[in-house]
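The listed protein sequences correspond, in order, to chains P and S. Residue 138 in our numbering sits at position 138 of the first sequence; the count goes up by one each step and never skips. Just so we're on the same page, our numbering is the position in the second sequence counted from 1, plus 403.
In short, the hints are calculated from the structure, not lab data. Heads up, a few of these hints could be off.
Beyond 10 angstroms from chain P on every Cβ pair, some chain S residues (computed) [unchecked claim]:
1. Gly423
2. Ser490
3. Asp501
4. Gln561
One-sided and incomplete, this derived list gives chain S residues near chain P with beta-carbon spacing under 7 angstroms [said to hold, decoys possible]:
5. Gly512
6. Trp514
7. Ser518
Using N, Cα and C, we set each Cβ at its ideal position, and we do this for glycine too.
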Amino acid sequence: MTNAQVWRQIVLVLAILGFGFAVFLWLLQSSFQLRLDYTLRSVALGGALLGSLSAVLGSFAVLRQQSLLGDALAHAALPGVALGFLLSGRELSALLIGAAVSGWVGMQFIQTLVGTTRLKQDVALGIVLSAWFAAGIILLAYAQNRPDASQAGLDTFIFGQAAAIIEEDLWLMFSLSAVLLCVLLLLWHPLKAVTFDSPFAATIGLPVRLLRLVLTTMIVITIVMGLQLAGVILMVGLLIAPGVAARQWSYTLAQMALLAAGFGAFSGGMGASISALDADIPTGPTIIVVTFLLLLISISLAPERGLLWRWLRERKDRRAVLSQQLLRDMLRYALGHGGSTHATPNSFLVGIHGAATRTCLQSLKQDGLVERVRQTPEEHSWRLTQTGLAEAERGSFQRRMGA
Amino acid sequence: MTGNASDAFCVEDLTVAYRGVPAIWDVDVNIPEGVLLGVVGPNGAGKTTLLRAAIQLIPKAAGTVRFFGRPYEEALSQIAYVPQRGSVDWDFPTTVIDVVLMGLYGRLGWWRRPSDRERKSAWSALEQVGMQEYADRPINQLSGGQQQRTFLARALVQDARLYLMDEPFAAVDAVTERAIVQIMQELRAAGRTVIVVHHDLQAVRHYFDWLLLLNIEVVACGPTEAVFTEENLRKTYGGNLSTVEDSRRVERAPFP
Chain P
1 MTNAQVWRQI VLVLAILGFG FAVFLWLLQS SFQLRLDYTL RSVALGGALL
51 GSLSAVLGSF AVLRQQSLLG DALAHAALPG VALGFLLSGR ELSALLIGAA
101 VSGWVGMQFI QTLVGTTRLK QDVALGIVLS AWFAAGIILL AYAQNRPDAS
151 QAGLDTFIFG QAAAIIEEDL WLMFSLSAVL LCVLLLLWHP LKAVTFDSPF
201 AATIGLPVRL LRLVLTTMIV ITIVMGLQLA GVILMVGLLI APGVAARQWS
251 YTLAQMALLA AGFGAFSGGM GASISALDAD IPTGPTIIVV TFLLLLISIS
301 LAPERGLLWR WLRERKDRRA VLSQQLLRDM LRYALGHGGS THATPNSFLV
351 GIHGAATRTC LQSLKQDGLV ERVRQTPEEH SWRLTQTGLA EAERGSFQRR
401 MGA
Chain S
404 MTGNASDAFC VEDLTVAYRG VPAIWDVDVN IPEGVLLGVV GPNGAGKTTL
454 LRAAIQLIPK AAGTVRFFGR PYEEALSQIA YVPQRGSVDW DFPTTVIDVV
504 LMGLYGRLGW WRRPSDRERK SAWSALEQVG MQEYADRPIN QLSGGQQQRT
554 FLARALVQDA RLYLMDEPFA AVDAVTERAI VQIMQELRAA GRTVIVVHHD
604 LQAVRHYFDW LLLLNIEVVA CGPTEAVFTE ENLRKTYGGN LSTVEDSRRV
654 ERAPFP
């Protein structure tokens, strides 16, 4: 495929996603007699927005092989959420600031552990992830005793609850996302260079440390914003799965990020709307199930990288090889038995090359390369035609592989 | 040894240590402008370390490095670095021409998109390494030799005075090796300085007009005829005489 074809394919997938989401919303309304009221609209919008933002920045996390760092960060944010609540009540910005600070402290701790001890990164991640999460649960249990706690929906931060998103939150999310998106677009080329080859980026004078810091900070902010939607436990899924799925379809980083945004918006919006139907449906798991389905489809169906595509390709190659071998063996048999027009028994060819031989001979016959000769009622043979003879003599195996 | 102000690459007392063990020790080197230098030595001799420490990718324990008489920060735009091709993830979603364009990101403003002029120079760099027909391919479809050529093209667009290449011949086929050698020699003919880390002794005499024999410390450095002696090689490769003798035998065979 050419790059232009890949672009067309991505636009097509995005269009299908958009159409699918529209149909889904329509079905949701008509079948549940739902008022497309303010709540559902802001929930769907907020979900789509957070989903796409997480997916775009998550693509960078995937490419920098920092998926698990994202997971640790999300878990490490929980104590901050509880502390933010204890200090200032249900004020989204306070909760988010708390989450960011707590996540940042957790990350510094990870880096200190890796830098000063002989612990490896995965161990440090595991330690911080569980310790911060445990502290968060304890603080949360304490905060629940406050009279306004259940109303604040603090427990929704664990598995996510999109219905907790209210209109004011939406404005904060929109403005923060807009800022992040602008930074990303302005620094697109340097960020790409640093992600692909950071030593080289340093040698052309790019401020690698600063760019890495900017990228990590953006990922932290995204995670913190996504917590309300997906929850600390499953945030990592929303962060990395859309990027991994989008990678299957794309040639360039821009294509990957754009498609990931589409996947993220689709699953974020859909998961949020489904869970808005009933407070008992947790948003995070719903979103992750949708994301996982998209991932599954991408891994199996995407052209070139998809499993189905590869299987078809291999089958085609095997057949091309087999037909070339058949022609070659028929020629050898014929020459060994008197002349090139001598027919080769069917059972001989099947005996050597197995069951696939029959279908392969049929298609060679359709191509006019061999013809069938009936000798006895039970047994038939195959003879090379003039074209088949030429083809066998050329032995142009590679040419057919390419065709 | 004291350096000349016009030297392209001047290293004084450079020492780099990993966990207290020196990787290179007290290296003094002066490379004049316009030579094609091979940095040769056994595994673990610190060849790559020398290169990476010189351009500040790893910290120095001691010593100074100057390029064209100036510190690294001031000479940045005149240096092009070709890393080992195994140092990046070749499954990264990007195309060949995009990788080559990255060579221009330093000169390009942070948020400027590459213009037609930049695309044209990326294109001609690809032509120079014989990769123009792969321009729009995703890089995960490239063979090892094509990856190396892509990296080379990315350095060529930088139009630098000094080229630092880390193992450009590692695991590439003979055709690619010849193509790379030809490009290095063209660069030298155009007055550029080229420094190449090279791990095996075969054909070094034909490729490079200067040699730096390194084994933690500098064994010898100078024009190839003067430096490429059996005694120096023995010192560089230590007791491992068979390596040296094998390479001498290969050296005696006529070069195709």
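| said: Need the list of violated hint numbers for this structure, in ascending order. | reply: 2, 3, 4, 5 and 7
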